[in-house]
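All chains should be modelled from the sequences, with the hints used to inform the complete structure.
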Amino acid sequence: MKDKTPIGAVMVIGGGIGGMQASLDLAESGFFVYLLDTSPTIGGVMAQLDKTFPTNDCSMCIMSPKLVETGRHLNVRILAHAEIDQVEGETGHFEVTVVKKPRYIHADRCTGCGECAKHCPVSTTDTYNEKMSRRPAIYLRYPQAVPKVFLIDREKCIGCGLCERVCLAKAINYGDRLEKEKIAVGSIILAPGYEVFDARLRPEFGYGTFANVVTSLEFERLLSATGPHRGHLLRPSDGTIPERIAFIQCVGSRDTGVGNPYCSSICCMYATKEAIIAKEHDPNVKPTIFYIDIRSFGKGFEPYIERAQKEHGVRYIRCMVSSVKEAPGSRNLRLSYVTFPESQGGRPVIHEEEFDLVVLSVGLRPSRETREMAKRLGLSLNEFGFIETDPYNPAATSLPGVFVAGSFAEPKDIPESVIEASCAAAQVSALLAEGRGSLTRTPEYPPERDVSNEPERVGVFICHCGINIGSVVNVPEVVEYARRL
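When we follow our numbering, the leftmost residue of the sequence shown carries the number 90, and every step to the right adds one.
One thing to keep in mind: the hints can contain errors.
[To be verified] Distance windows between CB atoms, simulated: (1) V347 <-> Y534: 54 to 64 Å; (2) E179 <-> E395: 47 to 57 Å; (3) K207 <-> S469: 48 to 58 Å; (4) T186 <-> N471: 18 to 28 Å.
[Claimed, not checked] Think about it this way: if two alpha-carbon atoms lie no more than 16 Å apart in a straight line, the pair counts; the simulated EDC-like pairs of lysine to aspartate or glutamate are: (5) K189 <-> E268; (6) K271 <-> E179; (7) K190 <-> D265; (8) K271 <-> E172; (9) K93 <-> E179.
Just so you know, the hints here were simulated from the structure itself, not pulled from any lab data. Computed from a prediction, not measured in an experiment: that's the story for all the values here. For each residue, glycine too, the CB sits at the ideal point set by N, CA and C.
In structure tokens:
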């Protein structure tokens, strides 16, 4: 007779902030978790962001504790650089076939020291920095990456063998091959995130043609301390500081012409955040946001927009930019747009204005790979490629036992994705209640010893990670003070 007790393990697909939250909730609730991501590391798009709205907190400062906790948790197994091939079975007893792509590195040997990357003679474009900088052919996606295991880009690798010779851990594995593994789980949570709209599909804005037209995600990297210019806001064409910056909203959103008639939900807020952070980098920056409607519906969002206008001097113009053209000689950009001012009786007024840099606020949509994965699982998608859910149970999909969280259901911001991830984890926890604790492991700690007669040892860890702290606290002075305690 077949055992009806559900399997006490869960597959979470997508290692972004939502996937990590769901994994940690489940692991702490007595379930073993397989956290799968197609990227070589977990972290998702949030790992590329400089700050988060509406608090302007450092994105990595918020996410790093979850990265570390997920990577160290005894009941979470990370399957990075992998994808789902097929799913068989039913609620409580799924068999998932996972394809693990080769890293050409022995993951159990790599210490993450980076010596291989220092000696690699080949460089290629860095996708983490949105191809605005270069990295070695053997690389770690970003400094805080989890798992901290390097990866060889075999398309760029010349096979010189230098990394193998310098690796003291003997972790290089040129013979690595694609592997398949079958994993038994009781339920599945989909949190694969999104991709940004390809701005080349709106050629009137000049992306890919004019050097000083960038996407919002590229602008995030330009602002970041780990970005191509190490936190200095410089425009791509000549490395000068852009003062007049234009943000064009709804690029790939609310646009029937490109098949995305929906609002992407977060663009108004992230453009405002980027404008404020740009002003913090250089007080001479004059940001202008061209918008259709301001949609600031989250907690603290509307006051954030008001502060941007009153305290930071961000200019908002309600219109849709008609075209972007490059000014001859200067590489500056001329924007044409129409307004309907009440002072002119609502009659159209044509404007042309010049800017140093144009940022396109691109919308969100499910990636082609994600849509194909959903189809392989037999899941229903709506007309826009997002997964179909029950309006009265938004975490549930068309396949019983499979749940969804985050922007695969519809565009949403980080807080909402995290909340949904916890909701999905709670539903899975209830569904698999009988299997709770059947596959989890308990940590074993070394025996305690009496340290009452030993000299005190105090570690002081002082963070100096940017303007949030550095503009208020004299960090070097704190270091010297702590040294004397």
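We went through each hint and held it up to the structure:
1. V347 <-> Y534: 54 to 64 Å: 56 Å Cβ-Cβ, so the 54 to 64 Å window holds.
2. E179 <-> E395: 47 to 57 Å: Holds, since E179 and E395 (Cβ atoms, about 52 Å apart) stay within the stated range.
3. K207 <-> S469: 48 to 58 Å: Holds - the Cβ-Cβ distance for K207 and S469, about 49 Å, lies within 48 to 58 Å.
4. T186 <-> N471: 18 to 28 Å: Since the Cβ atoms of T186 and N471 sit about 26 Å apart, the hinted range of 18 to 28 Å holds.
5. K189 <-> E268: Holds. K189 to E268 sits at ~5 Å (cutoff 16 Å).
6. K271 <-> E179: 15 Å, holds
7. K190 <-> D265: The given pair, whose Cα atoms are some 9 Å apart, holds under the 16 Å limit.
8. K271 <-> E172: 12 Å, holds
9. K93 <-> E179: Status holds; Cα separation ~11 Å.
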